[in-house]
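Novice: Residue strings, one per chain:
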Amino acid sequence: MPLSLKAGVKEVQDLSILTARAFVRAFQRPYYFRDILEQMDRIGVGSVVVVMLTGFFTGSVLTLQSAKSLAAFGAKGLTGRLVAISLVRELGPVLSALMVAGRVGSGIASELGSMVVTEQINAMRALGTDPVKKLVVPRIVATTAMLPLLTIVADTIGLLGGLFIAVYVLLINGNVYMSSAWDGLDYVDVFGGLLKPLVFGATVSVVGCHCGLRTQGGTQGVGQSTTQAVVAASILILFFNLILTRIFWAPS
Amino acid sequence: MTDSDLAAPVIQVKDVFKSYGDNTVLNGISFQVRRGETKIIIGESGSGKSTLLKLIMGLERPDNGQIWIENQEITELSEQNLTKVRAKIGMVFQESALFDSLSVRDNVAFRLNELRIHDDEVEARVRENLGFVGLLDAIDKFPSELSGGMKRRVAIARALASKPEILFYDEPTAGLDPITSRTINQLIIALRDVNGVTGVFVTHRMRDAFTLASQYAEGVDGKVEFRREGQLLCIANTRFLMLRSGKVVFEGPDEVLRRSQDSYIKRFLE
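Top line first, the protein sequences correspond to chains A and B.
Heads up, the first sequence stops at 958 in the numbering used here, and the numbers go up one at a time, no gaps.
Heads up, the second sequence stops at 469 in the numbering used here, and the numbers go up one at a time, no gaps.
Keep in mind that the hints are not guaranteed to be accurate.
[Stated by the list, open to error] In silico SDA-like pairs for lysine to any residue, Cα to Cα no more than 25 angstroms straight-line:
| # | chain 1 | residue 1 | chain 2 | residue 2 |
| --- | --- | --- | --- | --- |
| 1 | A | K840 | B | V284 |
| 2 | A | K839 | B | Q279 |
| 3 | A | K839 | B | A286 |
| 4 | B | K287 | B | A207 |
In short, the hints are calculated from the structure, not lab data.
Every value quoted in this text rests on a predicted model; they were computed, and no experiment measured them.
Next up, chain B with everything else stripped away, as it sits in the complex:
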């Protein structure tokens, strides 16, 4: 991989508009996410964050504008071709969206089974990913038997099963206690720093957003360790994008965001 590959945008959004009836949700959004970067999309409820994620995933189509995923323009693609694009992306939904008729094993194995991968390999991959999120014990349980935090971790394992290069998280810590939230955040940091996954992280919780922007993970002797950025070292692979009623009001690193003099941003950070 050359330097220019590293700098090339994996996700590019250009002048995207979306409205439902008279309600304009996205009003001309443009931004890009480079390889290995994690983009944290913040904004109050109803600012269009989740809608934006659905558009990039191709689950809904914008009224206007273009979206590229690795040089592929997706807004005009048929559902079948979109499937191929989505194969590169894993998504963690707001309320986990686990299939409640399937066991944890079958949930994580869903995409692998669809790809008709051999049973032995599916089982190995399922165990590997459940091990990563620390839920190997729950493999035979059903979603209804799991707590909210466990469901979220299974959802991450399911998104990871096919080894995607891009991961989307739609408020993965919403409604969770601080300790469970920290576990989830650390998983996301490890994926970003150790596995080099490109990510889009949607949240309205600034605490989680700043955790992601100030901590980093290192693989040491096969174990992952978490450290906090210091005076000398600054995390460059995580940037913020702030939405307000369908428009981008801020884009950049956390250091700049914290120092912003904009009254709306200041109020939001309190």
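Looking at chain A on its own, in the form it has when it is part of the complex:
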């Protein structure tokens, strides 16, 4: 895929148009509540284990690394604080979103892509149903709603994983760890840490739907769309993360 400025602008434009169309259609009848619930189950419930594992290992590793660095300053007791802040502000939202981009973004792109190449999308339009309403809106709503919840799971499991390492490996008092973690968190951390996955969820699903729907050719095209969806969504997540971090935690 040649990367020219013109092609890039076109991509952003297409993504914006799809987002706008999905947003308008979401409020028009008929509503597809059943499809939204089904997608929430597939996207949200289906990703819980992946996100739990991500949270656990991240929290554990973070605790090991922070404790080592902090010990050099004699501040091992602040480990919980550092882990909590890093997890809730950055690693929980970003790593969950990246995992979901890999799992859900690719799934959306390949499913819609297959439907394009087998003419199921055209058949749906021929049967009088708007694919944006029936397929795109439920996926965006479900992903955007579920990713913050998944992030809460990742944060919680991450903190517990950190606690486990702190108590059994680093021999830090569990109460010290937890109270230090609790003190470290501000309201803005919780709010920003939950707004991020909202944006990331929308990004993953819009990119996945866009890449899937513009699939061309046969099976090879589906493979390409799937790869593009994961790569583009991941890069956009990291980009939006930078912007959102700058907004919420600007150094005063």
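Chain A is fixed; fit chain B onto it per the hints.
Specialist: Quick look at chain B alone, frame taken from chain A:
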């Protein structure tokens, strides 16, 4: 219905052009289909047949020209208004295009469910249409469990579910064995002659095209019987339209097509 209604065109295509990049697929196509008529569009692969069908269905837009479906010009309509036009039309896609995540029942019921029709009536209509194509047994199966011919018949049942007045068939017999093809052709003939459906039938298989142009169906005591046209009786409701690299090279009944002296047409009929 008066005689003038019968003669009025249901589908009218005027000077339609369509190209993809540098590749001109349709180069000024005009024709019309009257109520109750079946238009058989023939031509070799890549002559623009399927594209033409997609344009009439409003799935794609022409670069130039107009298309009317029952006095409604559709080339400038919004997707939402197109939906209303499409409600009158059923379409059978080339590879069936069944929703593989849904059972046969839900595939056939798709449009009825979208219209929020009551469950009992949906079930009755699904059974009626699956019965028509002879696949009532497969109602709980999924598309992946069906053979190619069965998929095609489910696709016909799905297109029929909302009782459309117009039906489009995009190569409904492609890749099927002769016996299954005959079953499909007979379904299409029955719809044309017994139900009075207006049809557009795209194919490159002349055998199927001539079957459609030479056999007719009669409803006798609730059963459909198929007969072949003879010396005295000639099927007038089926006409050919032949495309060659985006242009119409022939339009008319099968008798004239068979006698054509045009070298390209002669070669095609062999």
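Novice: May I ask which of the numbered hints given earlier this structure violates, with the numbers listed in increasing order?
Specialist: As far as the earlier hints go, not one is violated by this structure.
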